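J.: Residue numbers (the numbering used here), protein chains in the order written: chain X, 1 to 448; chain G, 1 to 448.
Don't take each hint at face value.
One copy or two, either will do: identical chains are not told apart, so a pair holds if it fits within one copy or between any two.
[To be verified] Within a straight-line C-alpha distance of at most 30 Å, the following computed DSS-like cross-link-like pairs (lysine-lysine) qualify: (1) 358 - 416; (2) 86 - 329; (3) 329 - 146; (4) 238 - 329; (5) 329 - 218; (6) 96 - 86; (7) 86 - 444.
By construction, these hints were calculated from the structure, which means they are not laboratory data.
All values derive from a computational prediction rather than experimental measurement.
Protein chains: 2
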Amino acid sequence: MRTSTYRHRGTKGPTSEAVAGNGLLNRRMLLGGGAILAGAIGTAPLGSMTGAAAEAPAGGALTDPPWSLEPGAAIEPYERPSRFEKDVVRTLNNPKGLSGNQGARTPHHLLNGAITPNGLHFVVSHGGAPEIDPDQHRLVIHGLVKRPLVFNLDTLARYPMTTRVSFIECGGNGAPLFSPEPLQANLQALHGLASCAEWTGVKLSTLFDEAGVDPKAKWFIAEGADAPHLARSVPLKKGFDDAMIALYQNGERLMPANGYPMRLLLPGYEGNMNVKYLRRIKLAEGPAMSYWEARTYAPLLPNGKAYQFYLLQEVKSFITHPSPDLSLKGPGLWEISGIAYSGAGRVTKVMVSADGGKSWGEAALSEPVLSKAFTRFRMPWRWDGGPAVLQSRAWDDAGNAQPTRAEFVAARGQLKAPPPVGAVLNHHFNAVTSWGVEGTGEVKHVYA
Amino acid sequence: MRTSTYRHRGTKGPTSEAVAGNGLLNRRMLLGGGAILAGAIGTAPLGSMTGAAAEAPAGGALTDPPWSLEPGAAIEPYERPSRFEKDVVRTLNNPKGLSGNQGARTPHHLLNGAITPNGLHFVVSHGGAPEIDPDQHRLVIHGLVKRPLVFNLDTLARYPMTTRVSFIECGGNGAPLFSPEPLQANLQALHGLASCAEWTGVKLSTLFDEAGVDPKAKWFIAEGADAPHLARSVPLKKGFDDAMIALYQNGERLMPANGYPMRLLLPGYEGNMNVKYLRRIKLAEGPAMSYWEARTYAPLLPNGKAYQFYLLQEVKSFITHPSPDLSLKGPGLWEISGIAYSGAGRVTKVMVSADGGKSWGEAALSEPVLSKAFTRFRMPWRWDGGPAVLQSRAWDDAGNAQPTRAEFVAARGQLKAPPPVGAVLNHHFNAVTSWGVEGTGEVKHVYA
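Let the sequences and hints guide you as you build the complete structure.
T.: See the structure below:
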């Protein structure tokens with residue numbers, strides 16, 4: 001261990017680099033550019049920054065492995081990840097596609113950045129992935145409109161389009177954290193039902209204008225073309241705000257399990273309201289009280305009332321690195337990094353703690369920080385090899401703070417017994433998540 | 001055709017909606033939100049906006065296709081596009097991977113937005129796609145440094161990371177436009193060697209600081225681990241600016257043909273300088289004059305000198321919709337949309353013409369407009385069914401304007417005879433591209 005020799009330029013001791021307890025470091029020191037670091041590193045021994053880099057062989061000599069000596073493979077028309085990344089996949093709760101729900105969770109602990117690649121976007125499906133012929137698919141807008149209209153992909157393509165980055169999160173994401181004891185599962189199992197992509201399509205307001213909305217209409221009911229015909233009611237106001245008929249996901253057509261050839265995108269709203277395989281929008285005076293909003297996505301509150309039409313996915317964050325399954329291979333400098341987002345707008349601040357919430361330091365946010373999109377946050381940390389409890393907490397520009405676990409449980413309750421891993425019994429968990437770091441470097445899910 | 005009944009709210013004739021000749025429309029009218037359009041559409045006949053939407057059946061009734069009646073398929077751990085999108089692939093100039101160069105071009109005319117999905121990112125490879133074991137891969141930094149260092153993926157992961165969106169463009173992108181006659185090829189063949197992704201990795205400046213740079217160093221030479229050992233010299237200043245050792249591409253590990261497990265990212269610099277499979281960085285007083293910079297990427301100028309160390313990919317734009325292979329199915333409203341970018345910084349303005357450059361209207365730019373990244377531009381257009389020549393022209397915040405074809409040929413010359421389609425004989429074509437729309441709706445590559 002050489003980390004004790006690490007010094008901030010122009011300072012004499014470790015205290016000035018700390019922004020909070022148990023090793024959280026001033027992010028400007030490390031993220032403000034090389035000039036600030038150069039002085040310190042220039043006089044420190046080899047590998048002092050992380051204790052990890054090793055001295056190079058003389059002249060930079062390397063032994064040539066096979067791939068440096070032989071031509072590589074032919075390029076594929078559509079590329080897939082290296083076979084060495086075969087474990088970077090979604091985990092499935094119903095891999096055989098048996099009748100009932102199917103969930104596929106994003107492996108956030110193995111990804112980085114803010115965009116979720118299309119192959120790994122989360123899925124919750126109530127009827128599998130339909131194989132829809134895009135030439136036969138139609139979208140109807142009817143009900144309280146002057147002119148009911150039917151669109152196909154060709155006609156939609158003639159309207160002005162819009163592009164934006166937006167996260168989508170299942171209302172059931174984080175459901176295992178309603179357990180009275182912290183379930184020992186990794187980040188993918190706990191918070192893998194949220195992803196973020198760049199979406200392109202036609203604003204719903206454009207189509208509403210084309211159809212002519214009756215002033216009596218206050219809601220619209222969106223219905224999918226797949227077998228469950230999932231239907232959800234949405235306030236009309238959202239349709240005239242930022243709702244979109246999404247046709248492209250990260251530049252290419254939507255993935256089959258994410259609504260191909262078209263889905264409703266309601267930035268910031270509960271995942272299942274972003275109806276996939278969208279085939280019908282009916283304008284109405286009130287909500288439909290569909291099965292999906294009256295039963296499945298209407299959990300009970302401690303006071304006995306149903307938590308219904310909650311719409312927004314509230315401000316939330318979690319640490320992706322380190323996290324369970326990513327153990328720390330020795331003390332020294334590590335980066336604490338994670339994802340923050342809010343259905344109400346832009347993330348304005350993420351605070352990180354390494355001592356279970358006793359003290360907090362402000363993390364750096366990767367630009368651009370976009371409304372209703374994943375924001376990557378980062379904070380340098382010098383782990384001293386002792387126990388630590390890592391937490392993150394986010395704020396948004398609508399003035400909301402991510403609740404602590406205690407605040408959340410007081411308002412929303414918790415289960416009396418641990419649920420099975422993978423169960424989605426309760427909804428809209430957005431409280432602080434805690435990772436306990438043990439002396440061995442192992443990381444566990446804890447409550448703090 | 002009902003488009004003549006289309007009216008802008010509060011105005012009496014079609015002239016107030018025009019911003020330039022041959023049907024270019026005021027973008028605020030269509031992109032400023034539903035409120036502006038509602039009045040006009042509300043009093044216009046069915047489908048007036050595009051002449052494309054059709055009246056819906058009574059009550060929104062639809063006939064159920066098979067996918068509305070049966071459960072769908074099981075969700076896959078790593079998802080791929082629908083089989084109906086099988087033609088949305090990269091075109092290969094060497095599909096069998098025979099010795100020599102391999103190129104894979106992005107199908108921009110079939111994509112939308114600003115992000116290129118990982119499966120479709122362009123590739124130029126001088127030795128195929130190596131299958132590198134990430135655990136065995138090493139990166140050495142040596143030469144004029146105080147401490148030569150060697151890194152592996154684990155040690156790199158401990159340094160602070162950074163995330164940014166950046167385009168990469170091959171120096172040979174657009175090479176077919178050096179032809180004296182417009183080659184009849186689609187956008188993918190003409191400009192498919194540029195793509196844009198979100199990249200995450202470690203800033204090179206962080207590693208330079210860790211190694212300690214000798215003040216005599218003015219350049220660094222980056223070398224790849226694949227068989228060609230492609231090496232390029234880069235001014236040291238770029239290494240301390242925004243250069244990155246990229247480890248993630250749109251959230252997941254780099255694609256095998258895009259440098260897995262690590263590549264140099266030099267935002268805005270010529271594609272091949274972003275060395276893939278990066279294994280060695282040597283700091284030096286001058287450039288190496290490597291094969292790749294002294295011969296392959298050093299084309300002749302009309303004055304007989306070599307065009308060498310040009311580094312930047314200059315400001316450029318092209319229209320993706322419509323473009324060859326995307327014919328217009330009848331007159332009426334269409335969206336003109338495309339991509340603009342500059343290696344020097346942010347795109348500040350894109351102008352669009354429908355009359356071959358006689359008159360221009362300013363396009364809308366999709367937010368966020370990021371430095372050295374693709375920017376999607378959009379402009380509504382009412383095609384009257386007559387001949388039209390569509391052009392786009394971009395400006396950047398460094399004060400550069402995309403040249404007209406005439407300006408470009410005067411400075412950089414052109415070939416005496418048409419090259420074979422797919423040939424990359426000359427470099428850094430960034431002039432205006434023109435699409436000729438014929439009365440049939442067919443779109444052809446033209447010079448104008």
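J.: When the hints from earlier in the document are held up against this structure, which numbers fail?
T.: 4, 5
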